[in-house]
Amino acid sequence: MHWSRLFIPTLREDPAEAEVVSHKLLLRAGYIRQLGAGLYNYLFLAQRSLLKITNIIREEMDAIGAQEFYLPGLNPAEIWQESGRYDVMGDNLFRLKDRFGRPMCLGMTHEEVMTSIARGELRSYKQLPQIWYQIQTKFRDEPRPKSGLLRVRQFIMKDSYSFDLGPEGLDVSYEKHRVAYCRIFDRCGLEYVTVEAHSGAMGGSQSQEFMVRTNAGEDYVVICRQTGYAANLEKASSRPTPPAQPDPEGDLSPAEVHTPGAKTIEEVAAFLKVPATSLIKTLVVVATDSEGKDRPMVALLRGDHQLSETKFQSVAGCGEFRPAHPLEIRDWFGADAGSLGPVGVSKLPIFIDEALRGRRNMISGANKDDYHLLNVTPGEDFTGAWGDFRQVAEGDTDIETGAPLEVAKTVEIGHIFKLGYKYSHSMGLNVLSHDGSEVPVIMGSYGIGLERILCAAVELFADKDGICLPVPIAPFEVVITPVKISDESLRAAADHLYAELRKAGVDALYDDRDLSPGVRFKDADLIGVPWRVVLGKKLSAGFVEIVERRTKSTTEVPVAEAAAWIKAKVDAAKAYPSA
RNA sequence: CGGGGCGUGGCUCAGCCUGGUUAGAGCGCCUGGUUCGGGACCAGGAGGUCGGUGGUUCAAAUCCACUCGCCCCGACCA
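To convert a position in the first sequence, counted from 1, into my numbering, add 2.
Wrong hints could be hidden among the right ones.
As the list claims (entries may be wrong) - Cβ-Cβ distance ranges computed for the label pairs, FRET-style:
1. Pro17 x Gly538: 30 to 40 Å
2. Ser518 x Glu70: 40 to 50 Å
3. Asp173 x Thr243: 35 to 45 Å
The set of hints was computed from the structure by calculation and includes no laboratory data. Note that CB positions come from ideal geometry on N, CA and C, so glycine has one too.
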């Protein structure tokens, strides 16, 4: 294509509203323009790139026998009410009414629609397994869209759904997806990690996320370089740092100590001149049980540790919970939040974090304002249910080996998830099994965010000059730049090379704009074309220069060989990376 | 939803505090010419209801109120 005729509105300066690298660059490079908060126009370059991503995904999904559908983004509220997600999703679900006042919504994912198709048509185990997918626009009424294309209200997702007779079948479908996802992200040229993810309250048994490390991300994952352990912070377990000071020896009894004004862990630790690791942190939370009644609970952690909400939900077997109100705390404990402890508490269930196991003679609140208790020993002075519900902290080590862990910021590009029977049960998806009995179908759901692949690649490989996309997802594979466009011989050679590249099936961009070379080099770097062929002075000697965008390394190649040279490079980059 | 910031030609921003002619700059854009290896130069030119509404005032981009939009922090995030 001839650049002079394309709409690639590059910007010299960073747009004021952009903060993260991918947002700034996609705007500057003319890939996207904003329409509203969390809504972006994908212009020519973005669309080309997204189409290439789409094709890679489609090839790999087809390769595992998945069948492509295309479902409505506009859904009747009814099926969402059936599955229960109409309420669960809350304000994140876009809701609207049609002209007759019928409630509708815009799909965030398509479990309901897929299940509604399946339950009408799948009747026998003989029809299983099935994997159905689509590449479609999703809507989420995000409370706070941000970071350019990373967190938006409308985006494109590849979502697939598997239907199997039993858990063994689901394992196969899940594994097929895991392999396909690795191939997809490898082919897109991304560096990523797969992490164990929190399965949520969906009743799912297993779930993995595909994450790309970048500061623009907002998901935290815990990684161990030595053991390969990797998990979402929401789910990760670790070995805590040892207590900063050994516990006092002996079989001591709790003793009150006056701690006037000391309420927070830091204040109490400073007042009593002990490290925070010697304290027991007492949190009071309130969940709502299935009948809608408040269910207060006590969570005990080491003083310096943080509660992991998701892990606590698993341990306590509850859903969403909130901190108790000050009045509730006073009512239940007879003291304020700064002086709470587990000793003597009998009306509320107590959960004790594993990091407190084996500890002795610690310090907790006394349930009496301005007093704390010394010599409190878990298991002796109070009891409760033990569990791991502490968030992994900086400095923690691998739970098995003690190898160092690191916490990394990432963006989620894909997620594979064993759904189980949630939708089969709520929406009545059953088939007849071998013995003629009706059994529910077990499902999996698997998602990939297309824009996030693009963003992640931009974040991953950008440099001071702009975007640097991997060949397979770059909008163009090579740009041809005759230094002086008015020079007949340069022009003729460029024309010829362009024709050759096109014939070879290379995605070539011909920069025929009548602009100074500097401007065109800058633009080409900015939009991130992986290869550039420059036709200049050396053409008279029969050579062109080929510049690799990522390394800026330059190779002189005879004009006659240039097309083949580029073709070989491009093909190599698009071949499946062998492990 | 709480806290903060911003809204002035296409882009980046100045002017606002301390109200007072025709509202500025750089970049971009248009015309002509000279250029042509890393965001060229000369000459000429177009383009702005200062987000909106209401108020204060002889007079409002500037002060006040309301409102809309966008960005950031937090809450939230299958």
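Evaluated hints:
no., hint, in the structure
1, Pro17 x Gly538: 30 to 40 Å, "33 Å, holds"
2, Ser518 x Glu70: 40 to 50 Å, "47 Å, holds"
3, Asp173 x Thr243: 35 to 45 Å, "37 Å, holds"
Going down the numbered hints, you'll see the structure goes against none, and every one checks out.
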